[in-house]
Amino acid sequence: MIYSYSSITERQTEGNILKPFSALKFFKENKRKGLMTFIVLILSICAISLITVMINSIHESFDVYTQPLTKYSLVAGSTSDLYLNQSVVDKLKSDTDIERLIPCDTDGINTNFSIGGSAVVGTFANVSNLKYLLGKFNDVVKEGRLPKNNTDEIAVHQRIMLNKNWKLEQIVGNKVDSKEFLSGSYKIVGVLDGPAITFVGTQSNREKQYIKNGLDITKPIEYAVFAKPGKFDAVNKTLESINVNDATVSDFNTIITQSNDSFASINTTLIGVILAVTIILSISISSLMYLIYLQRSDEFGILLAMGYRKSFIYRLILKEILFLNIISWAIGFLLAYLLIYLLNYFVYNPQGSVLNFFSVNVFENTLCIPIVATIFSILPILSKMRKQDPITIIERRD
Amino acid sequence: MIECKNLTLSYKDGNRENLVLDNVDMQINNNETIVLLGPSGSGKSSLIYLLSGLKNPTFGQIMYDGVDIEKYNSKQFSDLRRKKFGYIFQQHFLVPYLKVIENVLVGAPKMSNTYRVKAQQLLHELGIDQYMNKRIFELSGGERQRVAIARALISEPDIIFADEPTASLDHNTAVEILKLIKKYKESTTLIIATHDTSILDGNESIVRIEHGKVIRDNNAESLSTLKNQTS
Ligand SMILES: Nc1ncnc2c1ncn2[C@@H]1O[C@H](COP(=O)(O)OP(=O)(O)OP(=O)(O)O)[C@@H](O)[C@H]1O
Ligand SMILES: [Mg+2]
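Taken in sequence, the protein lines are chains H and G.
Under this note's numbering, the first residue of the first sequence carries the number 1, and numbering increases by one thereafter.
Under this note's numbering, the first residue of the second sequence carries the number 399, and numbering increases by one thereafter.
Derived by calculation from the structure, the hints in this document are not laboratory data.
Idealized CB from N, CA, C, for every residue including glycine.
The hints are all genuine.
Derived list of chain H stretches under chain G, where covered just means 3 residues or more per stretch with a C-beta under 8 Å from a C-beta of chain G: (1) 19 to 25; (2) 291 to 301; (3) 304 to 317.
Anything over 12 Å on all C-beta distances counts as not near chain G; from chain H, calculated: (4) PHE38; (5) GLN86; (6) GLU143; (7) GLN170; (8) ILE211; (9) VAL244; (10) ILE255; (11) ALA276; (12) LEU322.
Hey, can you work out the whole structure from these sequences and the hints?
Have a look at this one:
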């Protein structure tokens, strides 16, 4: 063969036309055909991401609430008693695993971190003990100062301040705001910063009532128990063995066991939702894809006739569907990220809380959609293709 | 060279056998142009499918350059079809979402710059290089068939199988298209099935299929008598 025409310029063939078939080509050239699948995938991946982030956030707010309990444990008198049972006091004082027992009282501030609302625990003790306690918590006074002994002063973690929209020097408590969980009224004199979200004071409302009623406040009402290094679990075990009629123990384990049941049901619901969404979605995407590929029988028939191998066509179909899924997944994921970012910016951050987008389970929960959808889509198409030969397609004898 | 021996094809029609090709023996030399003639349903397409290996015979042998096609495994046979055979069907079977030039490249045995340049040259010679970056739906029937021809020619095949390549075209376009196919056949065997004898120019070998038997005659006179009969 002689080709007389050889002066064809590069300019005439813009773009990459070296490979007529590529993973992106079909859906790029047939946008309307893939659009439905594309949108449905994006929306469901976005929705699953958001749900997972929200549920993670409930877990996180629980973590925030329990954080101080990873450093100390609390032993209070049982509800009917004014003071801690003397036998309990003796037992704790003789325990060599305990580094320090701080006589204290505790109270809470109701906060609204992330999705799950929870009360943050605060400790009332004398200033030297507070310094020790904050040291153990790795918290510092960021602004203002620590409360003075025997005053209605408190220092509050900055995230609580943000969450409650409190200011330094403000008077807070249920005496000034009936919706407040914290009983009495206190003046905020300091702002704390650090990993433990808590607050500290020197004299609780209960202690004030005791004084008013002429009761002795040198006898311990409650103990904050700090274990020696490496003895945290051993001490907690000892505390948990105390009879419930003698004292009320709050430690990490008791809080965890109380909450595990509700978390388990949240998690099962989440898995159920993801499974249902994935399966319903995969079946509908699969039937959409089947129709699209049925319409392309001519194309595959002629390719087979021309000597393309079936494995080439299988791979082409797999790549096309996989890419459609991966791109939808990436966009759905980005969209969810954007929404979380906006939610954080406008809603959560101003409250001193944050929705964390990046966690392994957001990834896992959404990734199963494109994977299952791809498998569901590819199988019926491949099984149909296996039975086809080029002549039946070309002659249309089906 | 293509040879077939005792080539037989029959379909089960209920409990009756429909014998389409009956012990066909034939030899087609390199660079020959064979025109398969016969009434509708006589088995022209069937013979093309058998000779090009797209369909298996009920019985008999097919050989390329002396090698029985049974000897090829499926990969080797796909390779043979991709590199050595060119196909043109009555319908163009172009890929609708690819550009004209991409459709031509579908016929290339591999992707390289050389084939891209060759595709451009073919489109130029077929007079449709201005449509290079257009989609198939923007072309007329004749233009589409030209693209299909370019696709069959790009691999410089040894044998071109054309099953009624001009059936959907008007007479003048059909004659022109046939000319184009023949223009490239200097080093190519051409096997073409058609109803329409008016488009032939007398340089072809005529093979008539009647009642499953193949009658071959090489002289041009028979074509003119044939032409006289049909017109
Ligand atoms: N898959 C099949 N099953 C049953 N019979 C078939 C099949 N394929 C072809 N035939 C029969 O074989 C015979 C030859 O068909 P073929 O398509 O080869 O004819 P043809 O000469 O190409 O006809 P036309 O000119 O109309 O295209 C016909 O009688 C047809 O009905
Ligand atoms: Mg036919």
